[in-house]
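Trainee: We have chain R already, so just place chains L and U on it with the hints.
So the sequence lines, in the order shown, correspond to chains R, L and U.
Under our numbering, the first residue of the first sequence carries the number 4, and numbering increases by one thereafter.
Under our numbering, the first residue of the second sequence carries the number 6, and numbering increases by one thereafter.
Under our numbering, the first residue of the third sequence carries the number 41, and numbering increases by one thereafter.
Keep in mind the hints are simulated off the structure, nothing from the lab.
DEER-style ranges, computed between Cβ atoms: (1) R:A208 / L:H140: 19 to 27 Å; (2) R:A208 / L:V23: 22 to 30 Å; (3) L:K186 / R:L151: 27 to 35 Å; (4) L:D123 / R:I236: 26 to 34 Å; (5) R:D220 / L:K34: 26 to 34 Å; (6) R:S200 / U:K114: 31 to 39 Å; (7) L:H140 / R:I254: 49 to 57 Å.
Simulated coverage check for chain U against chain L, where a stretch passes if three residues somewhere in it have a Cβ under 8 Å from a Cβ of chain L: (8) 74 to 84; (9) 210 to 216; (10) 294 to 300.
Capping the alpha-carbon separation at 25 Å, the derived lysine-lysine pairs in PhoX-like fashion look like this: (11) R:K168 / U:K62; (12) U:K279 / U:K302; (13) L:K8 / L:K53; (14) U:K217 / L:K251.
The model shown is predicted, which means the values in this text are computed figures rather than measured ones.
Beta carbons are placed, not taken as given, at the ideal position from N, Cα and C, and that holds for glycine.
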Amino acid sequence: MFKRVMFCKYYHSNSLLHQINPTAKIISAIILLISCFIINSVWLYLLLILFFIIVIYVSKVPIKMFLYSIRNIKMLLIFLIVFNLLIMRLDIINITIIILKIISLVIISSLLTFTTKINSINKGIENVLYPLKILKLPISEIALIISLTIRFIPTIFTQAEKILKSQASRGVDFRNDNFKGKIIALSSMLIPMFILSFKRADDLANIMEVRLYGYTDKRTDCDIDKWTKNDTIVVIVSIFMLLLCVVGEVI
Amino acid sequence: MKKIIEIKDLRYNYGTNVVFNGLNLDINKGEWVSIVGPNGSGKTTLIKLILGILKGQNHIHIDNLKLNKKTLMEIRKKIGIVFQNPDNQFVGDTVKTDIAFSLENIGLDKKEINKRVDEIASFLKIENILDKEPHLLSGGEKQKVALASALVINPKILILDEAFSMIDPYYKKDILNILKKIHRSKALTIITITHDLEDTLLSNRLIILDKGNIVIDGKPIDVFQQEKIIEQLELDLPFMVDLSLKLKFYNLVDKIYFSTNEMVNHLWK
Amino acid sequence: MEIEFKNVSYTYDSIEKKEVLKEITTKIIKEKINIILGPSGSGKTTFIELINGLLLPSKGKIKVGNFIIGDKKKIKNIKQLRFDVGLVFQFPEEQFFKETVKKEIAFGMEYFKYKLNVLDKRIIDSLKMVGLDESYLNCNPLELSDGEKRKVAIASILVFNPKVLILDEPTVGLDNKSRKDLVRLILRLKKHHKKTVIIVSHDLDVLYPIGDNYIVLSEGKLLKNGNREEVFKNIRLLKKHNIVVPKIVEFINRVKEKKDIKLGDEDNTRDLMKAIYRNV
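So here's chain R without its partners, still in its complex pose (with noise of 0.2 Å):
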């Protein structure tokens, strides 16, 4: 009945790149969304992407998942084209150039989800937001809670799941009915849904109150990831990138 959701697709492999540390990789992706936007030429757009082929290469995840990633907005490419062909009346050169904004915009991002597992894209994030502990925002407890909420999601999928099927033996049949059955089968899963989760959410505060959390301040970081040399081979080269593609508009 469910097709398991697969959320942020981790394909795994032994290569470079899926060695560097999460927080060198989410400053680079930045750094190279940047290169991305400033830039209007199509001659440098295709020198980016020769760029992310050969990280792609490096990645050693298949460039049939990337084109499967380009396919899944097929059509906002295909709006965009028409909308600006039609209404915008641009250029063919510049509705080029916004599609190759967006495509590098989804390779750059595919290139980060496929080769980093999502707990360590949320390590990294915190990471690069730990300055902003100055401004005592609660970095540490949100990026907890963000982890926290990643590990539920398939417990909260098979629990939808089990609720539907339980008011589908009652007769409720989501996928075999018309709208208004949609729409009562839909009620008679919220209710649950929200009692079970409010029930999960008092045990795990609990749960984690028991286990000390909030002892002390100072939680020692397990997953302190290495900075090696690599990683700063990767953030340089991303560095000059950037740098190649502002000379490059500028000229």
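Mentor: Same frame as chain R, but now just chains L and U:
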């Protein structure tokens, strides 16, 4: 014997319900206590009060520390708990992270944390699932992880609150064997809350709770022979005990046998 | 209502393509208590979800009365199947979302546009079937005791008057008294109301005395199938697959193994005592 838990005159209300109306209970260091009672008798509420999750009017002392706002954390350091629902107590994104959680909270250094996690995982034979995510584990595996998380802080008291009711009996046997081992080797004080009297055979003290009152408190073998109470609460005696008592009535055996082999050898010499 | 599995396989539709059930061929015995057992992950839940059409088999066919599940992509007239085969999940009280017991039980039937006046009698009947009286009608289901909640959940399926009732781990989480109550209820459903009962459970010690037919699954395959004697004759095989057998069965087996004395297939300690008395 030294008392590790002292409860005097415990009172607690849940809304308009009076759960406890002056409960007194002492648990000695190294005892394995089973608490049995119908749903609503107050078993889980008692545990939550001991852990300070609920606040009642009480005088609770844990290891000579009076339970109050200031001592809460120190007391929780001494207690490991495994609750009933395997999913709702799994905090980490992997087994390893979950077990390490409490150690990270108290600020131990990374090396020590890794050492302790590896030790407890090896002891409980769960090294092979250390990197697995919870949704890929069975209920029984998750409870073993919960047990690991409880034991990794080296507690003085281990509490299991109906920890077996939602898992495969195969894992229940596994966990009970582990408890038997650590009760002996680590002189751990264990409290098991259960509906199943079979689970109480390993403990040295059985308390039956009903409507917030201790109905009976004694050695399991003595409690099992309190016919009236067993009947009144519709409790199921452990199989060997039940059989022994019936055979004893017809003079086929002279005592309660816990071991099948012993009884069989006695009956057919 | 006859239920028959013919070479049924089910593959989980994910990236890994896990085959959860492998070529199961077996029968559910009409108007008897059928117990499905096996270690966790053996496919028990998938097995029962196939019977009421929540899942469609990847291979093979399931005959449920006049329905044949598996020969087409969609089940025609699936609502009738849901009427005939009632499925009560584990912790069924989690599905509650109405303010009164009456509304909770009526829910599914209202969905099928049954008028309330016809429903009234059916609701009271289904409450009676689970051993609760009319005073429960206006109670809030969430405020009942665990045992009562369980019964209301079962009543909400019984209101359809299904010929077959499937219960997934019906005793889990209940205290001793409620468990015994539930077992008595299941027996009544079979004897009094002539229902075919299918139970998935680990709780063999309490269900063994009422089981008529046993279907043992392990790793998706059918391990054993038959009555009490056939299935529990050789417990070594069951133990090899990490299946925990009832303690009374272990005892009887031990006596046979060690002293070569056959006590029989007693299911309670009183009968066992008598058997021992005769054989000592």
